[in-house]
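> The sequence shown begins at 1 in our numbering and counts up by one.
No lab work stands behind these hints: they were computed from the structure. Owing to the predicted nature of the structure, the values given are computational and were not obtained by experimental measurement. Virtual Cβ for every residue (Gly too), placed ideally from N, Cα, C. Heads up, none of these hints are tricks.
Below, computed lysine to any residue pairings styled on SDA-like, alpha-carbon distance capped at 25 angstroms:
id, residue 1, residue 2
1, Lys71, Ala178
2, Lys57, Arg81
3, Lys46, Thr30
4, Lys71, Gly103
5, Lys92, Ala40
6, Lys71, Glu7
7, Lys46, Leu144
What follows is a set of in silico ranges between Cβ atoms, one per label pair, in the way DEER data are often shown:
id, residue 1, residue 2, range
8, Ala79, Glu159, 42 to 52 angstroms
9, Gln54, Asp160, 40 to 50 angstroms
10, Phe98, Pro132, 18 to 28 angstroms
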Amino acid sequence: MVEVAGEGARYIWRAPGLVEGFPCYDPATTSYTEFNVELAQEYLAKSRYKTGDQAPKIRMTPNGTDAVNIKCFQIMQEAWRVHLGITDVEIKDLPSGFGNEEGLVAIDRQSTGALPVDAALLAKNTFHSNSPAAARFMGGYENLQVDELIDKALAMSREDPEFCATVRQAEDLFLADAMLIPLYANHNPQLQRQNGAIQPWVKNLVYSPYAYFLTWVEPLAVIER
1 MVEVAGEGAR YIWRAPGLVE GFPCYDPATT SYTEFNVELA QEYLAKSRYK TGDQAPKIRM
61 TPNGTDAVNI KCFQIMQEAW RVHLGITDVE IKDLPSGFGN EEGLVAIDRQ STGALPVDAA
121 LLAKNTFHSN SPAAARFMGG YENLQVDELI DKALAMSRED PEFCATVRQA EDLFLADAML
181 IPLYANHNPQ LQRQNGAIQP WVKNLVYSPY AYFLTWVEPL AVIER
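Turn these sequences into a full structure, and let the hints guide you.
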């Protein structure tokens, strides 16, 4: 999807939770972005609908007219039809395009930027039921186990050897709930450096899958020239 829709200008988003460059980042989460028809079919079978032909209409919006975003949605729409038998999918450029059905939008594309923050705080702002993301974009998502683990992590010393394990456990539970569809990243750090956008004397500069560059290092990005 990323290669076709992005035409070489977008890159696979390999970290849907705690992004690379953040404390407690877990490389194992990259499996979440893999194209896995069998797993998608398993999730559908576990749902209340069981089969694609029983699924209700899915309303989707890329929240704009960006050609890459629209093409991504169209590719997803076709993949669901072919592999899952889901055929009742409607795409509008903006939520308002659905008129009085705007409140029934199931998939709403959003962009987000992330600054170097505490891992537990990032999890709270992304996974917790009190987060803006859960309230506004995930239909009031709530997993009490996720909330409890994040609350526990927030109260822990960051030097506690169990801190990252606690945050990662919350992240794993959140990803297992499949509330997030990673589309793409705008930057590839290897290509940025290769093409000269990052000069060789700039050390420890990481481009985040959230499209914002991060300077998460100890203590900060270092320029050595």
